[in-house]
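Colleague: Take a look at the letters that make up each chain.
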Amino acid sequence: MERTCIKLNIPSDVFYLEPVRAFIGNLAQHLGFSRKRIADIQLAVDEICNNAVNHGSVSTEAVISLQISVRAQVLEILVQDAGTGVDWLTPERLSEIEANRSPKNESGHGIFLSKLLTDTYEMRYNAEGGTDVRVTFYQEN
Amino acid sequence: MAKTDLMMLREDSGIKIIEIKTDLSSYAASDLRKMLEMLLEQKVDKVIVNLHQVHHINSTAVGALVGVAKRLRQNGGDLKICELADNLTRTFNLIGASTVIEIYESENSAITAF
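From first to last, the protein sequence lines stand for chains X and A.
Quick note on my numbering: the first sequence kicks off at 1 and runs consecutively.
Quick note on my numbering: the second sequence kicks off at 1 and runs consecutively.
Read the hints as simulated data drawn from the structure, not as lab findings.
Among the hints, a few may not be true.
[Claimed, not checked] Subject to a maximum C-alpha distance of 30 Å in a straight line, what follows is the list of computed BS3-like cross-link-like pairs (lysine-lysine):
no.	chain 1	residue 1	chain 2	residue 2
1	A	46	A	34
2	X	115	A	21
3	X	104	A	46
Keep in mind it's a predicted model, so treat the numbers as computed, not measured.
Start from the sequences and build out the full structure, keeping to the hints where you can.
Modeller: Following this line, the structure appears as structure tokens:
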């Protein structure tokens, strides 16, 4: 299969995360991922997008960009935010969240979950001052 | 009986039971949090959240449940959850929240456990 790229731009608002999750789930199903793996993919993307909205963008005027690449047995998703959020996840803040994560805490589980559920997870700060999170999911044989 | 589009609130044996009728990503989780906060303000001490119609839950919604369970226990009450699909159980287990919140296979067993 040749590499195919789908681009989605959504307003930075959790209202739009449900349709994104539905689309990703339908796409993964169409590509032949298992039911269990589809649930993992949907949860990981939900968590990453939720962080992009809550930490990476200051208002609904900001845009969250998703680039979804499909190639043989691999689904790769890049989520980019504008980096204008008031509670932006600096490297120091990220280290603090990960070090202090506890099941008893109400928050701080999103990145932990995303890393667990993906085959590869990469976070970078982009040239525009925002955050890029690139994840891949490999299809089981 | 109070009812919203997303969740229904009823009572059984003196326990408030919230039946969720939507998947719990962050948008719906904010409504769940509001309903739980309302119950806390009303000094309700026993709550069960029935998730049998929920196919997805994220960490924001799990966090809301954990937070309210902790606050209820401080006053001698509790929040229990029941009827989780396998992938929801997996999410609670991965986060570790299944060590903080009691999970039951059926609503009846959750009621009996109070």
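Colleague: Decide, hint by hint, whether the structure agrees.
Modeller: Going through the hints against the structure:
| no. | hint | result |
| --- | --- | --- |
| 1 | 46/A / 34/A | 16 Å, holds |
| 2 | 115/X / 21/A | 29 Å, holds |
| 3 | 104/X / 46/A | 19 Å, holds |
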